[in-house]
Each structure stands twice: as structure tokens, then as C-alpha cells.
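As they're listed, the protein sequences go chains A and B. Following my numbering, the numbering of the first sequence begins with 2 at its first residue and continues without gaps. Following my numbering, the numbering of the second sequence begins with 2 at its first residue and continues without gaps.
Some hints could be false.
Copies of the same chain are indistinguishable here, so a pair counts whether it falls within one copy or spans any two.
[As the list claims (entries may be wrong)] Once the Cα atoms are required to be at most 30 Å apart in a straight line, the calculated DSBU-like pairs of lysine-lysine come out as:
no.	residue 1	residue 2
1	Lys94	Lys176
2	Lys40	Lys161
3	Lys176	Lys91
4	Lys232	Lys5
5	Lys161	Lys176
6	Lys94	Lys161
7	Lys94	Lys232
8	Lys94	Lys46
Bear in mind the hints are in silico, worked out from the structure with no lab data behind them.
Protein chains: 2
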Amino acid sequence: MSPKFIGVGVGPGDPELVTLKAARYIQQADIISYIANSKGESQAKSIARLVLPPAGGYEELPLLMPMSEARAAANTVYDNAAIAIHSAIKAGKQVVFLCEGDPLFFGSFAYLLLRLQGEVNCEVVPGISSLHAASSALQLPLTLLQESFAVVSGRHSFEKLAAALRQHESVVILKAGRSRQRILAALQATGRTAEAQYLEYIGREAERIQRDIQHLDAEPGPYFSLFVVTKQQRKHH
Amino acid sequence: MSPKFIGVGVGPGDPELVTLKAARYIQQADIISYIANSKGESQAKSIARLVLPPAGGYEELPLLMPMSEARAAANTVYDNAAIAIHSAIKAGKQVVFLCEGDPLFFGSFAYLLLRLQGEVNCEVVPGISSLHAASSALQLPLTLLQESFAVVSGRHSFEKLAAALRQHESVVILKAGRSRQRILAALQATGRTAEAQYLEYIGREAERIQRDIQHLDAEPGPYFSLFVVTKQQRKHH
């Protein structure tokens, strides 16, 4: 296989939700790269633990992300990583970047891909996103037949949240941690509180599912939390 | 493992996009069920070919779907299948239902699940949906940071398509086959033609990607076709 930069989705948390293709690429990699915190801990690497080759079988290229929310600091990390990955691929190495969930769905991989596209061969292996992990955990169809479906971020304005809740039968609200109060208010204002369910840390040890969000307090929750809103009364078709 | 009805996503076409968990459940199944056409051919079963045990290692329960679009005929098939699955599980068997893509995203599995939930133990294993397969094939981020994202069906009205195209940065239009003309008109009316890309049969032999949809004629296309629309000018963040 010619040297490539390959973004690989490892799914949202359950290590068995890695695909056969992701497993194969991870096992063939010369360099495995991932986002890590300042201690070097990486959620994506932890999710990939079932398929990672034994230590020493590959080089690691962790992207240590600063805690700060400043984009400039993150951009410097991406710039440096892109240069390192570029030179590794030119030297004939296979570089696999591990991504939580799906690589191109609200993920950091996009920032590396934008820097390397056109410069080196790239490939993307899709992963199970939190959308599909959430509906599976709830055993709730995300969409049926003619229904339409929107994904919004908890960071959106009250107006944008309410508009999506009014216009689409199914709505998933991601990044619901800090803005839980605003989300609960938008659900209330659009009459959809009873149609909403709440999840955090899907497929991880700390997984929590709250089917009746009346019991959810208005305190902020973790980053990996989301609401799934669907039409309550669905008939058999 | 106690007997269960398990819906398992096998991904959109590439047999390597099956998860380790789906593979394990398929290999442990007593009965493997799937939608088939009147000749008994099943797309989902074909996608699962890398992980299906040798013939004879399991019983098969195909749901032969009538060609007609009448819901009543399909409902009869689901009713019968639900009864057969229910009795198999009560007899201690593990029943795995193979689903193209993700089981709960526009899939037929929902109709079986609605009939069996509360009656027998159920579980759902998420799969790679066409959303994520499409963005991987295009190497195109579906969403970045504050962007919002909608999924609509080509069967929706012109007005509904246009509203989604106006309100969301990213839009995926599924089931784009028969209504290609209406979709092209809605893209034109909302000024998003240049931001749209077209795909059909992702990950299959007949895969086709049209990045410049100006070259797409207005004839109907296959059922498994979709448009991905994203903001054209994305800056590095």
C-alpha cells in the first residue's frame, strides 16, 4: 500500500464498535497519531485498545492539546502535527490518526485533513458516531419514512435551537453539557420536553441515560452529553 | 447470553465496515434474519459476507418483501416475522437481524423493533450510516464547530428541501433517486448548487461520485443516492 494519511473512526466509546477496516489499518500502521491531554492520555487510543498492536510495534505521534480554549494554541498544534505527518509520509510511512466517533463529524481530524489534503495521499475510514450510538442505546428509531432530522449544538442560540425543534421531527442536540439550561428552556418553549431523552458517556463506564428529562436538573453536565428528541406518538407503518 | 432479538448494522456496502461487535453477534447467532427481494437476494446479507459463519451454521429467516409499495403488504411481512422471531426467542434462540447502514436510521428494522419491544429482550448494535460513509468518501467534514446539520429525504416537498438548505450550513439529502429534478431545483433556488456533491452506491462496485453537480442530468437516479451540501468556503480554525 502506498504511504497515506488515514483518519480512522474508532466509535464513541465501546471498543467493540471499531470496524474491521479500522482494525486492519491500525494494525498495519507505522505511526499512530491521536489527540491527547497534557498528561498524554487519549480517549481515542483507549477506545482502540482491542486492536492496537503490542507496544513497540509502531511509533506514536500524540497531539497534546492545551487546556485553553484559544484557537491559536490549537492551530499551532495542528500546524506542527501536519508538518510531522507530511514528512513521515514522504519518508514512506503509513500514518493512522485515531478519531473518537466518526472522523468528519464534529471532530478535530478535519483540521489536520484540511492541512494535508492535496499534499499527501489521504483516506478516511468512517466510524460509529454518537448519533447512531445514542439511538441504539435508547433503542429508538432516529428517523422513520418521511421524517426529517437535524443535528444542532448546545452552543447554538436559544432561537436556533427552538427553530430546529419546531421544524424537524427528530433533533439531536450535541455538546449539551454547559448549555443544559438553555436546551431545557428551548425544549419547554417548543413543547417537546416529553419527547426528549438525555444521554451522557454512551458506551463508557460512566454511561447514563435519562429517559424522562423532567428529572434532569439544570446544572451543567459533561461535554459528552446529548439530547435525542423524536416524535412521541409513532404509529406502526 | 440470554436469548435476544439483536438488530445489527452492517454498514453501507463495504464489507470491512462491519464492527467487531456486529461480527461477534453474527457469528454467535442461532437465526440470522434479513430483508430480501422476491428471489431471496439480500443486500445486508451480502455486505455481511466476511463475517457470516459457514452455511449450515445457522438458520435463516429472510423477510421477502413484495415489490409493491403498498404498506399493507409490508406490514403483513413484518407481522409474520415478528411472530416467528418471538417464538424463536422464547425457545431460547439468539436472533440477529442484519441491517444495511445503521439499524435505526431510516431502516426497516424499526418496524420489527416496534413490534417486539417489551415482548422479548432486544439490543441494537449501531452501524456506519450512509451519512458518514458519504463524508468519508468525499473526504469532506460534514460539520465543523458551530455549524448545524440537517438530513432530509428527497421525497420531501420543494419547500421543505429549500427551507433546510437555507437554514443549515450542512445538509444531506437522502433517497435522492426519483426526485433528482426537484432537488436540483431546490439547490438552484437557494444558491447552493456549487456547494453540493452527489454520490451513489457508496462503497459498492457501482460507486459513483460527482463533485460538480452541474454535470448531473435531471434524470432519476438509483434509490441509494444522496447529495451532500456544505459551506464551500471554510477557513482553517
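Practice problem: At 30 Å max between alpha carbons, let me know whether lysine 94 reaches lysine 176 within a copy, between copies, both or neither. | Solution: neither (35 Å within a copy, 40 Å between copies)
>> When Cα atoms must be at most 30 Å apart, do lysine 161 and lysine 176 count as within-copy, between-copy, both, or neither?
In response: both (15 Å within a copy, 26 Å between copies)
* Within, between, both or neither: lysine 232, lysine 5 at alpha-carbon 30 Å -> For lysine 232 and lysine 5, the Cα distance is within 30 Å only across copies (26 Å; inside one copy 44 Å).
When Cα atoms must be at most 30 Å apart, do lysine 94 and lysine 232 count as within-copy, between-copy, both, or neither? neither (49 Å within a copy, 33 Å between copies)
Margin query: Regarding lysine 94 and lysine 46, is the shortest C-alpha distance of 30 Å or less found within a copy, between copies, in both, or in neither?
Written below: Cα proximity of lysine 94 and lysine 46: one copy only (19 Å, versus 36 Å across).
| message | For lysine 94 and lysine 161, with the copy left unspecified, which applies at a CA distance of at most 30 Å: within, between, both, or neither? | response | neither (45 Å within a copy, 47 Å between copies)
ask   = 30 Å Cα cut-off: does lysine 40 pair with lysine 161 within a copy, between copies, both or neither?
value = Intra 37 Å, inter 48 Å, cutoff 30 Å: neither.
Checking an output row: lysine 176 and lysine 91, CA cutoff 30 Å. Within, between, both or neither? neither (37 Å within a copy, 41 Å between copies)
Of the numbered hints stated above, those contradicted by the structure are hints 1, 2, 3, 6 and 7, listed in ascending order.
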